[in-house]
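2 protein chains.
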Amino acid sequence: MVYFDAASAAPLHPVARQALTASLDEGWADPARLYREGRRARLLLDAAREAAAEAVGCRPDELVFTSSGTRAVHSGIAGALAGRRRVGRHLIVSAVEHSSVLHSAEVHRADGGSVTEVAVDRAGAVSPSSYAGALRPDTALACLQSANHEVGTAQPVAEVAEVCRAAGVPLLVDAAQSLGWGPVEGDWSLLAASAHKWGGPPGVGLLVVRKGVRFAPQGPVDERESGRASGFENLPAIVAAAASLRAVRARAAEEAARLRELTERIRTRVPRLVPEVEVVGAPERRLPGIVTFSCLYVDGETLLHELDRAGFSVSSGSSCTSSTLTPSHVLRAMGVLSEGNVRVSLPPGTAREDVERFLSVLPGVVAGVREKLGAPVSAGAAAARERDDVLVVDALGRRCPIPVIELAKVIGDVPVGGTVRVLADDEAARLDIPAWCEMRGQEYVGEEPADRGSAYVVRRVS
Amino acid sequence: MVYFDAASAAPLHPVARQALTASLDEGWADPARLYREGRRARLLLDAAREAAAEAVGCRPDELVFTSSGTRAVHSGIAGALAGRRRVGRHLIVSAVEHSSVLHSAEVHRADGGSVTEVAVDRAGAVSPSSYAGALRPDTALACLQSANHEVGTAQPVAEVAEVCRAAGVPLLVDAAQSLGWGPVEGDWSLLAASAHKWGGPPGVGLLVVRKGVRFAPQGPVDERESGRASGFENLPAIVAAAASLRAVRARAAEEAARLRELTERIRTRVPRLVPEVEVVGAPERRLPGIVTFSCLYVDGETLLHELDRAGFSVSSGSSCTSSTLTPSHVLRAMGVLSEGNVRVSLPPGTAREDVERFLSVLPGVVAGVREKLGAPVSAGAAAARERDDVLVVDALGRRCPIPVIELAKVIGDVPVGGTVRVLADDEAARLDIPAWCEMRGQEYVGEEPADRGSAYVVRRVS
Chain U
1 MVYFDAASAA PLHPVARQAL TASLDEGWAD PARLYREGRR ARLLLDAARE
51 AAAEAVGCRP DELVFTSSGT RAVHSGIAGA LAGRRRVGRH LIVSAVEHSS
101 VLHSAEVHRA DGGSVTEVAV DRAGAVSPSS YAGALRPDTA LACLQSANHE
151 VGTAQPVAEV AEVCRAAGVP LLVDAAQSLG WGPVEGDWSL LAASAHKWGG
201 PPGVGLLVVR KGVRFAPQGP VDERESGRAS GFENLPAIVA AAASLRAVRA
251 RAAEEAARLR ELTERIRTRV PRLVPEVEVV GAPERRLPGI VTFSCLYVDG
301 ETLLHELDRA GFSVSSGSSC TSSTLTPSHV LRAMGVLSEG NVRVSLPPGT
351 AREDVERFLS VLPGVVAGVR EKLGAPVSAG AAAARERDDV LVVDALGRRC
401 PIPVIELAKV IGDVPVGGTV RVLADDEAAR LDIPAWCEMR GQEYVGEEPA
451 DRGSAYVVRR VS
Chain Y
1 MVYFDAASAA PLHPVARQAL TASLDEGWAD PARLYREGRR ARLLLDAARE
51 AAAEAVGCRP DELVFTSSGT RAVHSGIAGA LAGRRRVGRH LIVSAVEHSS
101 VLHSAEVHRA DGGSVTEVAV DRAGAVSPSS YAGALRPDTA LACLQSANHE
151 VGTAQPVAEV AEVCRAAGVP LLVDAAQSLG WGPVEGDWSL LAASAHKWGG
201 PPGVGLLVVR KGVRFAPQGP VDERESGRAS GFENLPAIVA AAASLRAVRA
251 RAAEEAARLR ELTERIRTRV PRLVPEVEVV GAPERRLPGI VTFSCLYVDG
301 ETLLHELDRA GFSVSSGSSC TSSTLTPSHV LRAMGVLSEG NVRVSLPPGT
351 AREDVERFLS VLPGVVAGVR EKLGAPVSAG AAAARERDDV LVVDALGRRC
401 PIPVIELAKV IGDVPVGGTV RVLADDEAAR LDIPAWCEMR GQEYVGEEPA
451 DRGSAYVVRR VS
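Those protein sequence lines, which keep their order, are chains U and Y.
Letter by letter, the first sequence follows residues 1 to 462 in the numbering used here.
Letter by letter, the second sequence follows residues 1 to 462 in the numbering used here.
If a hint is listed, it holds; no wrong ones were tucked in.
Each pair may be met inside one copy or between any two copies, as identical chains are not told apart.
The list that follows gives simulated cross-link-like pairs (lysine to any residue, SDA-like), each with its CA atoms no further than 25 Å apart:
#1 Lys409 / Ala455
#2 Lys409 / Leu273
#3 Lys211 / Ser323
#4 Lys211 / Gly168
#5 Lys372 / Leu34
#6 Lys372 / Arg36
#7 Lys211 / Arg89
#8 Lys211 / Gly186
#9 Lys409 / Val457
#10 Lys372 / Thr302
#11 Lys211 / Arg86
#12 Lys372 / Arg430
These aren't lab readings, by the way, just hints derived from the structure by calculation.
Kindly generate the complete structure, drawing on both the sequences and the hints.
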């Protein structure tokens with residue numbers, strides 16, 4: 001198998017493995033204890049904290065280890081909001097944050113707080129001016145990822161941090177996807193990260209709270225990790241996490257250049273090799289190892305399955321690959337096509353040959369899926385000319401990508417200037433029909449309520 | 001070094017180590033993913049859940065893995081309280097619970113809930129009737145440990161569960177100290193445990209919520225672990241935890257009998273070898289591997305330090321070994337002596353010779369500490385006969401065990417029937433002076449406010 005899903009999880013880095021094994025022997029005891037084994041564990045913990053702090057660019061006493069990146073985000077947001085409760089209860093997040101940030105925002109909203117979601121452009125990036133516009137006198141905290149986990153787009157963190165700093169509002173940066181590549185620039189206030197994204201073991205996150213930032217840990221606390229992360233420290237994993245962060249950083253510049261070249265090749269080749277493809281995410285300001293594209297008239301689950309059969313492990317933001325049958329919130333916020341979505345995220349060390357083989361396999365796989373889906377005209381999705389020469393496509397009860405396939409089949413029958421109404425009740429259609437119009441140069445008129453689902457109206461302009 | 005602090009943490013079990021190493025290769029991927037590595041990770045996770053559920057005696061879908069035992073307790077209590085919020089906001093805990101339970105209770109109280117702390121007897125055990133007495137119409141949840149982590153006393157969980165069940169109140173059992181020895185008996189509703197107590201790696205806890213128990217997870221949740229434990233699953237550690245639970249259980253009966261004999265030997269020998277010692281905790285209904293005793297006129301920190309020098313790692317509930325300079329809440333609740341406290345907790349496999357060597361070293365170590373502390377009469381702690389023939393010992397500004405040492409020095413000068421007032425401002429004196437009276441057959445009259453600290457009044461009766 002060729003594993004192209006490093007943004008989900010990476011196999012343990014050899015250095016991490018070595019450190020883990022060694023500290024299972026040396027670091028199993030309670031670092032709070034006074035006897036020899038405890039003191040040895042304490043030394044290991046202190047050394048790991050110093051190494052991690054150096055990699056982040058903070059003081060060791062500003063950094064605590066949590067049980068996961070998700071936990072670091074949850075604790076960081078809750079503690080920062082509580083620390084500034086007197087200022088107000090307004091929270092700013094971008095629309096493309098990791099679910100851990102958005103779940104924290106939901107909890108805050110349910111608890112009576114207010115939340116502003118900052119929109120992104122079609123490449124998935126926020127602008128510093130939208131953060132500036134979202135700031136209010138009662139803003140307690142702003143959150144922004146360093147780079148997006150689904151499309152790789154880097155965010156203007158330093159600029160947003162400056163805007164927030166000027167307003168006296170702390171900025172929490174979710175650096176999960178980027179910390180292995182380098183420190184987060186700019187004058188941020190809090191930072192969260194996750195070790196298993198940089199080849200460390202699972203079960204370790206980082207939470208950094210800069211000195212001077214008001215912070216009130218929420219929920220039950222104990223004396224561990226400065227009262228910011230309770231429970232027995234997962235020491236062997238912490239030591240391994242710090243060791244692998246140091247190891248990946250040592251080769252980050254070289255490896256970033258190499259992976260960037262490989263993802264650049266995918267970015268340019270895929271649209272030439274596969275018809276009807278949209279590569280999404282920022283072309284320049286982006287992570288080195290992630291490239292994401294969506295294929296019209298393809299369902300993501302079948303595509304993933306066929307790629308898996310062909311020996312490639314990738315992930316997808318398509319609705320059919322999620323348990324809730326809704327497309328990825330990131331693709332939705334960007335307004336790009338979600339059907340047939342593929343995220344390729346290369347682990348460090350990815351061989352060029354594997355990328356070439358992926359490029360040689362992909363066109364046939366996509367064509368095969370399209371053939372399976374598109375060849376027979378479905379009986380249930382009949383097109384009928386109705387009142388005022390409006391063509392109606394009934395795709396009710398059909399899942400992504402069928403509504404778009406049916407639309408594409410009939411658009412040629414619509415006179416230029418005429419419209420077609422697509423009836424659909426699949427959540428993905430709301431995103432994918434406008435995205436299809438954008439890709440094919442047709443006009444998306446809008447969505448209208450219908451007896452069942454919605455009617456999506458499209459005008460043929462070319 | 002001989003490590004006698006298994007109740008804090010145990011070195012990784014060889015089976016856990018093997019499982020951990022293997023699943024670092026096989027189980028690093030995201031079990032939520034559809035590709036091969038993800039499916040393999042899912043299989044490992046499912047198998048670990050089944051093994052753990054079998055050991056607990058529950059259904060696999062009732063059990064989730066958390067990032068620590070502490071986390072399992074925090075989430076379990078918060079979720080159970082929220083699930084029964086309509087019934088009321090009253091929580092019952094015993095006075096000798098683990099700090100994770102008491103911290104949860106503090107948070108609940110701070111949030112407007114009410115908490116009843118059930119008292120324990122001098123052996124550290126609760127009685128089912130005190131739980132029955134604490135139950136109210138608005139009781140949302142009761143918590144009880146299966147066995148105490150400091151003195152080893154087993155609690156009457158099955159009986160308390162029955163009392164709670166009859167009142168329709170769920171019982172959460174903190175089984176951290178006992179789960180390696182066997183399943184928790186009785187009709188409990190929720191259970192929390194911690195893998196590194198049974199030789200598993202740190203970073204893994206268990207939370208079991210029986211079907212039918214109302215439970216509303218608090219804080220941000222995601223789709224992992226049935227929405228009850230968020231963040232990427234720590235799969236290699238989970239696999240190792242389940243494997244070691246199975247391994248220790250396979251030898252639990254045999255090993256329990258062996259360790260019980262060793263701790264029984266410490267229980268009987270220590271009072272014969274060391275003068276002025278109180279062995280605390282239940283003599284019969286107790287964990288196999290834990291024995292705790294307190295030595296009069298000894299400070300815990302020096303004792304631990306000297307035992308460490310002699311090659312033994314133990315822990316202590318004495319005030320001087322805690323960061324807050326207060327004695328262990330467990331010893332306080334039991335009303336037993338806290339000075340010179342030593343907890344010996346034997347890991348499975350402890351050799352008899354190590355226990356014998358401990359018994360041969362201990363008397364000299366205690367005598368040495370006592371000599372250092374007790375030989376010179378402190379200038380600051382002068383005894384003076386004052387009004388109405390009351391002897392006053394001024395131990396203000398002196399830390400445990402000095403107040404008790406000074407009391408012991410003058411008691412011979414007090415006529416039988418007369419009293420002595422000990423002035424002290426060390427928190428431990430409040431516990432240790434009554435405990436000393438109990439041990440020495442003198443009458444503790446009570447505590448009175450003083451200009452500084454308190455005056456503890458003792459009447460000589462023999």
